[in-house]
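Undergrad: So the protein sequences, as listed, match chains A and B. Heads up: the first sequence is residues 2 to 115, going by the working numbering. Heads up: the second sequence is residues 5 to 114, going by the working numbering.
I should point out that these hints are in silico values taken from the structure, not numbers from a laboratory. Any given hint could turn out to be false.
As the list claims (entries may be wrong) - Below are the DSSO-like pairs computed for lysine-lysine, each with C-alpha atoms no more than 27 Å apart in a straight line:
(1) A:K84 / B:K46
(2) B:K46 / A:K16
(3) A:K45 / B:K101
(4) A:K63 / A:K12
(5) B:K46 / A:K12
(6) A:K45 / A:K84
(7) B:K101 / A:K63
(8) B:K101 / B:K72
(9) A:K84 / A:K63
(10) B:K101 / A:K79
(11) A:K72 / B:K101
(12) A:K84 / A:K16
(13) A:K12 / B:K109
(14) B:K101 / B:K5
(15) A:K79 / A:K45
(16) A:K79 / B:K72
(17) B:K101 / B:K46
(18) B:K46 / A:K79
(19) A:K45 / B:K109
Listed below, chain by chain, are the residues.
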Amino acid sequence: EAGVAQSPRYKIIEKRQSVAFWCNPISGHATLYWYQQILGQGPKLLIQFQNNGVVDDSQLPKDRFSAERLKGVDSTLKIQPAKLEDSAVYLCASSLTGQGTEAFFGQGTRLTVV
Amino acid sequence: KQEVTQIPAALSVPEGENLVLNCSFTDSAIYNLQWFRQDPGKGLTSLLLIQSSQREQTSGRLNASLDKSSGRSTLYIAASQPGDSATYLCAAGGYQKVTFGTGTKLQVIP
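Okay, chain B solo, but in the shape it has when bound:
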């Protein structure tokens, strides 16, 4: 059974800092790893999808990496802004099943 863990559960940083969010998974037999953003009271917005054959994906100030052998993924946010404040969730996509972590709640302080 796949288990996904995200550490830390909460993070508070001053505006402008670069930061890294961590995601670990127990079963390396995944098809993909997807990062989502969730604002309070809202649904999930897909940020980046890394296929199992890829090592990283970039979109603007976001960069996500995947190391299947160690069961880890990281989401790097460059030059953080108050608008980045949200909960970030990672999800491991296995054979016809997607397992979510519990998320990291990020607060960027102006």
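One chain only, chain A, in its complex shape:
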């Protein structure tokens, strides 16, 4: 079974630039999560999709972050414009239903904003 795929693995950009991350969840998984993990901290949920609908985006900085999950499969997370404090690892995860089912994570994208 293929795991959660993320790209790119690494990205370095200057502040005020834009960046986009891509995630392909495990086939058949209805729930998709984007997390932000700052060095030394636990992952923080940015947004959660159930199929192509948003379940929770309460911690997503909507003035600069956006995410979409077209057709309920792949998802993209965009930051525009980036700030220095956005430097983090962005993790994508998926689970079968999101309620009591195991979450599987991708390798993450390490973003450095300079």
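Assemble chain B onto chain A, guided by the hints.
TA: Same frame as chain A, but now just chain B:
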């Protein structure tokens, strides 16, 4: 709002020791408790998932327990090896929401 705490933040043990990592959560209304391993620069690898109706799960040298009433989970690692060195994270799965702790960084010294 669910809050998850992991103590200690860092742990260093000699190879061969048995050890326990602790995880506590404030809201006992959870669906599951999941333990992950994270190697430097890598994503999260799921180790064990305990459903709310279960009390423990075992996989090889790992055993995780769950006590919902006290809001606690423990991860027991038997006969630790240098390859176990990593950060261990627990996550409480609530209604359509998963909340992570800040992790315990484990170093097993040969």
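Undergrad: Work down the list of hints and note, for each, if the structure agrees.
TA: Checked hints:
Under the criterion of a C-alpha separation no larger than 27 Å, the hint pairing K84 of chain A with K46 of chain B is consistent with the structure, at around 23 Å. With a CA separation close to 24 Å, the supplied pair K46 of chain B and K16 of chain A stays within the 27 Å bound. For the hint pairing K45 of chain A with K101 of chain B, the CA-to-CA distance comes to about 11 Å; that is within 27 Å, so the pair holds. Proximity of K63 of chain A to K12 of chain A is assessed by CA-CA distance (about 21 Å); at most 27 Å being required, the pair is judged to hold.
A C-alpha spacing of about 15 Å is found between K46 of chain B and K12 of chain A, which places the hinted pair at or below 27 Å, so the restraint holds. Of the pairs offered as hints, the one joining K45 of chain A and K84 of chain A holds, with about 17 Å between alpha carbons and a cut-off of 27 Å not exceeded. Under the criterion of a C-alpha separation no larger than 27 Å, the hint pairing K101 of chain B with K63 of chain A is consistent with the structure, at around 19 Å. About 17 Å separates the Cα atoms of K101 of chain B and K72 of chain B, which keeps this hinted pair within 27 Å; it holds.
Restraint check for K84 of chain A and K63 of chain A: the C-alpha separation of about 14 Å stays at or below 27 Å, so the hint holds. For a cut-off of 27 Å, the pair hint linking K101 of chain B to K79 of chain A stands: about 22 Å separates their Cα positions. Simply put, K72 of chain A and K101 of chain B have alpha-carbon atoms about 22 Å apart, close enough for the 27 Å limit, and the pair holds. Using a Cα cut-off of 27 Å, the hinted pair K84 of chain A and K16 of chain A holds, with the two alpha carbons roughly 5 Å apart.
At most 27 Å may separate the alpha-carbon atoms for a hinted pair to count; K12 of chain A and K109 of chain B meet this at roughly 25 Å. The suggested pairing of K101 of chain B with K5 of chain B holds, with an alpha-carbon distance near 11 Å, which does not exceed 27 Å. Pair hint K79 of chain A plus K45 of chain A holds up; C-alpha atoms about 16 Å apart against a cutoff of 27 Å. Simply put, K79 of chain A and K72 of chain B have alpha-carbon atoms about 37 Å apart, too far for the 27 Å limit, and the pair is violated.
Only pairs whose Cα atoms come within 27 Å are accepted, and K101 of chain B paired with K46 of chain B is accepted, the gap being roughly 23 Å. Among the hinted pairs, K46 of chain B with K79 of chain A is consistent with the structure: their alpha-carbon atoms are about 21 Å apart, no more than 27 Å. Among the hinted pairs, K45 of chain A with K109 of chain B is consistent with the structure: their alpha-carbon atoms are about 18 Å apart, no more than 27 Å.
In terms of the numbered hints stated before, the structure departs from hint 16 and from no other.
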